[in-house]
Amino acid sequence: MSEVITPTTPAPRPLSNKERMGLPHQEMPLHDAEARVKTFDEVPIGYSEEMARAEAMRCLQCKKPACIGACPVGINIPAFIKLIEQGEFGAAAKKIRETNFLPAVCGRVCPQDKQCQAVCVVGRKNIPVGIGNLERFAADYERNHHLQEIPQVGEPTGKRVAVIGSGPAGLAAAYELSIRGHEVVVFEASHRAGGVMVYGIPRFRLPLKIVDEDIRFLTRLGVRFVYNMVIGKVLTIEDLLKHEGFDAVMIGTGAGLPRMLDVPGSNANGVYSANEYLTRIYLMDAHHFPKYSTPISAGKKIGVIGAGNTAMDVMRTAKRLGAEVTCYYRRSHDEAPARSEELKHAEQEGINWRWLSNPVEFLVDENNFVQKIKCERMTLSEPDETGRRKPVPTGEFFVEDCDTVVMSLGCSVNPIIPSTDSDIHVNKWGVIVVDTETCQTSKKGVFAAGDAITGGSTVILAMGQAKKAAAGIHAYLMGQQEAVSATSTTQISG
Amino acid sequence: MTDRVHDIVKDMDPRSVESVTQALDKAKLLEDLTLDEKTCLAEAFFEVFNHAHHTHSSSMPKVAVRAGKRIAKFGPELIPLLFRHLVESDSETAVYYGKALARNGNVGLAYLVPKLNEYREKDHDLINLIQALSYFKIPEASATVPFVLSVSQHVNHQVTSMALYTAGRLAEKLPTSAFSEELRHFIFNTSFRFLSHAQVLVRKNAARTLGKMMRRGLLSEEDEKKVYKAFLAITGRDDHHNWDRAFIVRREAEGFLPYFHQQSPPVRRYTQSYKIVSKRLLCTNTYHFTLDTPLIARKIEAGQFVIVRPHIFSERIPLSICNWDREKGTIDIIVSAVGKTTTEINAMMVGDSFEDVVGPLGERSVLPTASGTCVVIGGGYGTGAIIPTARDVKAMGNKVIGIVGARNKDSLIMVQELQDACTEVILTTNDGSAGIGGMVTDALREVLLREPVVYVLAIGPVPMMKAISDMTRPHHIATYVSLNAIMVDGTGMCGACRVTVGGETKFACFHGPDFDGHKVDFENLMKRQKMFVKEEKVAFERMKL
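Chains as they are written, first to last, in my numbering: chain A, 115 to 608; chain B, 20 to 564.
A hint or two may mislead.
Facing chain A, a subset of chain B residues (Cβ under 7 angstroms, in silico) [unchecked claim]:
hint: 1; residue: Tyr289
hint: 2; residue: Lys318
hint: 3; residue: Glu320
hint: 4; residue: Thr519
hint: 5; residue: Gly522
hint: 6; residue: Glu523
Covered, in the sense of this in silico footprint (three residues per stretch, anywhere, with C-beta under 8 angstroms from a C-beta of chain B), are these stretches of chain A [to be verified]:
hint: 7; segment: 364-373
hint: 8; segment: 524-531
Estimated spans, in silico, between C-beta atoms of each pair [as the list claims (entries may be wrong)]:
hint: 9; chain 1: B; residue 1: Gly416; chain 2: A; residue 2: Pro507; range: 53 to 63 angstroms
hint: 10; chain 1: A; residue 1: Thr500; chain 2: B; residue 2: Arg561; range: 31 to 41 angstroms
hint: 11; chain 1: A; residue 1: Pro321; chain 2: B; residue 2: Lys549; range: 30 to 40 angstroms
hint: 12; chain 1: B; residue 1: Asp461; chain 2: A; residue 2: Glu438; range: 28 to 38 angstroms
hint: 13; chain 1: A; residue 1: Gly188; chain 2: B; residue 2: His259; range: 40 to 50 angstroms
Note that these hints are calculated values from the structure, not bench results.
Yeah, the Cβ is synthetic: ideal placement off N, Cα and C, and Gly gets one too.
Only chain A is shown next, with the shape it has when bound in the complex (with noise of 0.2 angstroms):
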């Protein structure tokens, strides 16, 4: 008789935080820059389990973790990583869904570097940990492995909430409003769910299926979704609470108005804002014209003015409609407010720069199509007392030839609901005022999120204030519980 001897994997030696440090930081695979121009496929490809363990194995479980407060929803990223290092990948996600249910989206378009990343102790040293990587590792196997739960949601409360607009501060404002047992009806202008996820972003960045993916999870949640309302014409604000027994609202409607550059040539043929640019595509599928009817005049040579990450999108999305993309700025690379990694990525396709240049008029040919692009070239003065390094004109001038123009200039927030209920306070910039620790705007009930109540951030932002909102309702609401049953004895908590 013979012993068998089972081989058993020696129990992992806890790394010293020295060791932590010196491992080598996961590159994410991308798709190469050549092949991928030409698809609108994903450009990452993800961790595979071996690399996710190997970066989630470099974060040091700091005592006071930095990076949850840097999170603007606050997931417990030390908790979630570790989960990962221990190869407990659905468990990681589990974790991530306690305070973000849109981990899949945020792991893709979330700016880590200026967040979470940004404060991370490894990169004092070294890279920090892809804390977005893992995120978006946790998120995908969940989702491919079909282990995602729907939530114990709470007690009917009896209480309905309309949220207007579906985009991120939408849905994650339904998704908390009804795992607390609230009902709810999300009204979208459109004829699709998910917003600036759908219309905006690009399917290289976010696939459409993860968007679908997180919708569909609300519904099962029981959140309802009403499409072509535009709230504030069909049904106004007091109508949904005076009539259509509304208890609260939820604004998400975002920032739904493009700036324009005012310069001669601006209204000419040919001439978008990058909302239009985007929606076109990616809402209305110009790039499949003439199958779907809806028409781009599809440039050969397209100028992008801005930096940002919209402008990012617009160039990458016109240089796989085949176009050749040149992006005016008029400060430099380093002052660039995208993402950084969609300025490497955008770099990599190759994309032309033109930095410190300042577009003061597009020439037009008779047809009013616009032929040439004229910038002043910029030079950045010192810093001033705040620090930033304004472009300054240098009175020299060029011109170059482009077929279309894109303007990527930020957004101001939609109008259509404060201009239709007088009650509804904005500031001089149109942005809509709340409360900052309930969100309620100024009209009893009413409450705000996301670029309404900004003019312009990020998704996972709008969803930090989905989350506050939702949160004021919730307690706006069941205080009108109280107040109600105030004699009785049996007290809900807020």
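Use these hints to put chain B onto chain A, whose structure you have.
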């Protein structure tokens, strides 16, 4: 007649509040009146009743009620007299006779009840009798309800509605204990039956009775649910969206909705079918469609538009509205086949549905600020779009002249509808086959020579709107044009529809579509509209293959 009564009666002016008040005060002091004296005073006060609604003083009705009280205090001997007057008087005056009778309490009721049967076949007299019953405040009055409601099977809807009104009023005023379970159910059943199928006034009072019963807690939980559901349907709050056609019924139901004890508010799906209800040919390649869009139909105003997407592969295009029916929940659009999407729409049939219809979008038309002659001008498909605004302008009391332009007699559309909306309609055709030969501007020039104009609205091809704006500019006439810019989303998000107005960039989809014609940069608009000419042609050619 004794002097003391005579003095009072002689000095009293039944039209003057002070005089009647004095008379009432004097009458109060009199004691041991004989029947003759009482009758004399009563007859005098009846004059007050007759004048109660015909003086300018708002206190007169109150004084009349006081006079009624005084008469009631004279005692039951006057009941036959009151009754005789009650039967003979008009419904308005009968209020005071009724109230005076009701002050007599049980005796009055005992007198009135046998009379009901007697007058059963006399419609007009019966109305006043039933109305009088509604003023009784004694619990016994509830016993008359079954009879009151039994006469409500009456052919005359006025009697029926008065019966329901009375039942409702008694349910409102009398203590709830006066209504047995059986009686409550009887009132509910009768009223509920009349709520849906009856003359409007009857339905209104049925709704009122049901509402009052609900507020007094006279309905069982189950019945209350039924009423709630019915009221939701009447007000268009259920999933059919289209509200009841009768405004008075709707308003009655609306007022009661907040008081229902329903825990779960209505769950609406907010879906619209976007189905084509009717389609008719107006002229070559131009069709008139009626779409089922109840939510849009409830809100749309003159000047606003919708964006449609006929199927999932098509683009979103803006269309103006030429009419709507809030009750039926439909909107009317005119589509002229000029490109791929419009040709596709025109190929759709009754019963087909659009993929999406979004609206109402844009601001409503700017209406004239001064009153006088207003001119609305439609060219081509724009003829339909001016009709709602023309109707609004005319409703403000203005003279509205409609001018319609078309290539020839056959392409003139919506003329009858426009004639209904305007005071006068001038037709123009390029070839002179109908109306004035020439352009709409020729007709406008004649109107301007003929009379002062305060307001012009023009909807049609851009060159037409430009020519009209140029013509009215020297006269400083407020001129508005509706700009049909290229649009995608229609909510201000994309900026495709930007137009230059007064040197500023505006978005036609939400600043407009109507703008001051004197400030619009038409050149830029014309060029921008040609942005996708090449692509449109490709799509159109491809479609024909």
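Problem set entry | Structure versus earlier hints - violations, ascending order | 3, 5, 6, 10, 12
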